[in-house]
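There are 2 protein chains.
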Amino acid sequence: MLSFAVTHTDGAARRGILTLPHGRVDTPQFMPVGTAGSVRAIAPDDLERVGAQMVLGNTYHLLLRPGPELVAEMGGLHRFMSWPRPILTDSGGFQVYSLAEQRKISEEGALFRSHLDGSQHLLTPERAVEVQQKLGPDILMCFDECPPANASRAEHEEAVARTTRWAMRCHAEWKKDPKGSLFGIVQGGLQRDLRERHAAEIAALEFEGNALGGFSVGEHPEQMWDGVAHAGPLLPRGKPRYLMGVGTPEDLLRCVLNGIDLFDCVLPTRVARNGLLFTRQGRLQIKAARYAKDQRPADAECRCYTCTTFTRAYLRHLFNAQELLAFRLNSLHNLAFYMDLMTGMRAAIETGTAQTYADAALEAFRRGPD
Amino acid sequence: MLSFAVTHTDGAARRGILTLPHGRVDTPQFMPVGTAGSVRAIAPDDLERVGAQMVLGNTYHLLLRPGPELVAEMGGLHRFMSWPRPILTDSGGFQVYSLAEQRKISEEGALFRSHLDGSQHLLTPERAVEVQQKLGPDILMCFDECPPANASRAEHEEAVARTTRWAMRCHAEWKKDPKGSLFGIVQGGLQRDLRERHAAEIAALEFEGNALGGFSVGEHPEQMWDGVAHAGPLLPRGKPRYLMGVGTPEDLLRCVLNGIDLFDCVLPTRVARNGLLFTRQGRLQIKAARYAKDQRPADAECRCYTCTTFTRAYLRHLFNAQELLAFRLNSLHNLAFYMDLMTGMRAAIETGTAQTYADAALEAFRRGPD
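Top line first, the protein sequences correspond to chains L and R.
Residue 44 is where the first sequence starts when you use the working numbering, and the numbers rise one by one after that.
Residue 44 is where the second sequence starts when you use the working numbering, and the numbers rise one by one after that.
Honestly, the hints are just simulated from the structure, not real lab data.
Be a bit skeptical, because a hint or two may be false.
Result set (DSSO-like, lysine-lysine): computed pairs, CA atoms no more than 30 Å apart in a straight line [said to hold, decoys possible]:
#1 Lys147/L - Lys219/L
#2 Lys147/R - Lys218/R
#3 Lys219/R - Lys147/R
#4 Lys219/R - Lys336/L
#5 Lys336/R - Lys219/L
#6 Lys222/L - Lys336/R
#7 Lys336/L - Lys222/R
All chains, please: the whole structure from these sequences, using the hints.
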């Protein structure tokens, strides 16, 4: 279903081309998160503008509303949300752990109540694959168990073992009608031996791509970076490597250097709605009084609609007045920033300067916007 | 400051071209309302897309936040909100009556407290002109007194007399540094003799354009249409005629037929945020269960981004999930609908078919969307 070619390497970092049913994805790539069938405040026209190539859809949210059967009847998620390019859906597992109420996990799957209306749902490995196939993404994910960062060794061992068993059930279900490409997920927390064992187990199942789950779940950034530096290279070299739910610009730079090809995170759009703008000089809190009369764009080097059209003073006013337009303009910029960052990393890998590029970008971030 | 040419008439209806410092406005024209320096949920790119030629800025809102001095320092409202085309500002009077707290009206002006932070402000005719000139619109409005529909005859007489005295003070203040074009406002409620007397008084002051205030303040639509049918033609023929704060699609069609050139109203964007979409077949409540699997656009004849890209099923999902994107897409469509309606009326006036066009549109609205 997919083809993946690594065209350049630079240390552990890889530049690749991922070809999917709905188009080409240049890796490393960041996927904006379209939680409930839309990237919050951002329509497909803005996604095109910022150069997004692939978005993520949340199975948990779409399962609860409007429901996978409706999306399927409407021609699948691409048609439903009018996004013609590639889509990856997660399995819903992470949101069951973080959002759902009264959840009970058993070998069969996860029984939980909707955070929206209290309705009861059972998500099993088989149902997670079935739901995703109704959504019709280019890539779907195995249903996994994702313990928090402070889970015990025993809990991690149990999660790893169960995630493998569930991966086999997902694979068997997907095999019945293999639409889309199914990716496996490696758990194990910060336990290196568990990560190694689990990476080998998941690799043996020969998914078309592999992911690292269980990072950015409460551990310190340095711990996560170390964990990914160790676990990233454990994933099969010839297949896409996806780090789930990560992260900050710093996270992306560091993890690309450790061989990650795909990322997703709500961070750029979520913090945008709270008035935080990423710039090449670091984080800018647009509500700060110092920007009240600042005629400069949020980021002078950014070519996005927000930065080429509006001043910091205006963006500050919109945010302070809680104008709806603030959410769109801030989100648009932060996504453009992420896309530019990844474009920069891809170009740097091609020229063998990934470490230099990342070091310079990290140094500039630390400076802080003037 | 402005030039205005009526190029066609059709009964009382007029087709004209209004030329302002920031560009040309084809009349009859509808102005989207940019309350606090932005048309809610709509950026200038969307305004361009729907063909908006002129927007309204609310002096009351901008006075309170971010303040006229800041807007002036930022180069005026056009630059602040990145809208290069014409802007009209109201005087703030209407919001003082409808939004402000603890207001005291005297001959000097209106003393009130901000609905945002309780801060005290005095808006006099002179200050209203000063504030508007700091915002720097193409057209500014006199500070008037606008009684509610159920006001007594005596209250209307008092408001008319005071509005004339205040109009003279506005004019004197504006004359000191005549930037922008100052428009007079005719009050008088539904009292025909008061409207006639006041129209003559305001005409005598020779403003560059004239407005009808005090409509759509609680009276029945039929009363308003009758009132405008009477009062519209009282305004000087060679100057633009502006009906303030109106209205529904039905209002626009009927009032264009009675010689109105300019309209503004929050209605299309406000109801959009509540899930009401205007279509050529009438009002569509997007949350209705009957649209859950409706693959059609909101309005099959509409060429806006929303209608050419998304289905009713998707718009319903976005609205039910209260996704921020719903506010933009719905608002964009309703503004496009209003713009198309006015484009249709202008074309009809040119061919002497205004009444036929309006009758057909009104008949189609009554049908209701299928």
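Hints and how they fare:
Between Lys147/L and Lys219/L the alpha-carbon distance is near 28 Å, which keeps this suggested pair within the 30 Å criterion. Pair hint Lys147/R plus Lys218/R holds up; C-alpha atoms about 27 Å apart against a cutoff of 30 Å. At most 30 Å may separate the alpha-carbon atoms for a hinted pair to count; Lys219/R and Lys147/R meet this at roughly 28 Å. Annotation: proposed proximity of Lys219/R to Lys336/L holds, straight-line Cα distance about 28 Å (limit 30 Å).
The suggested pairing of Lys336/R with Lys219/L holds, with an alpha-carbon distance near 28 Å, which does not exceed 30 Å. About 24 Å separates the Cα atoms of Lys222/L and Lys336/R, which keeps this hinted pair within 30 Å; it holds. Annotation: proposed proximity of Lys336/L to Lys222/R holds, straight-line Cα distance about 24 Å (limit 30 Å).
Against the hints set out earlier in the document, no violation occurs for any number.
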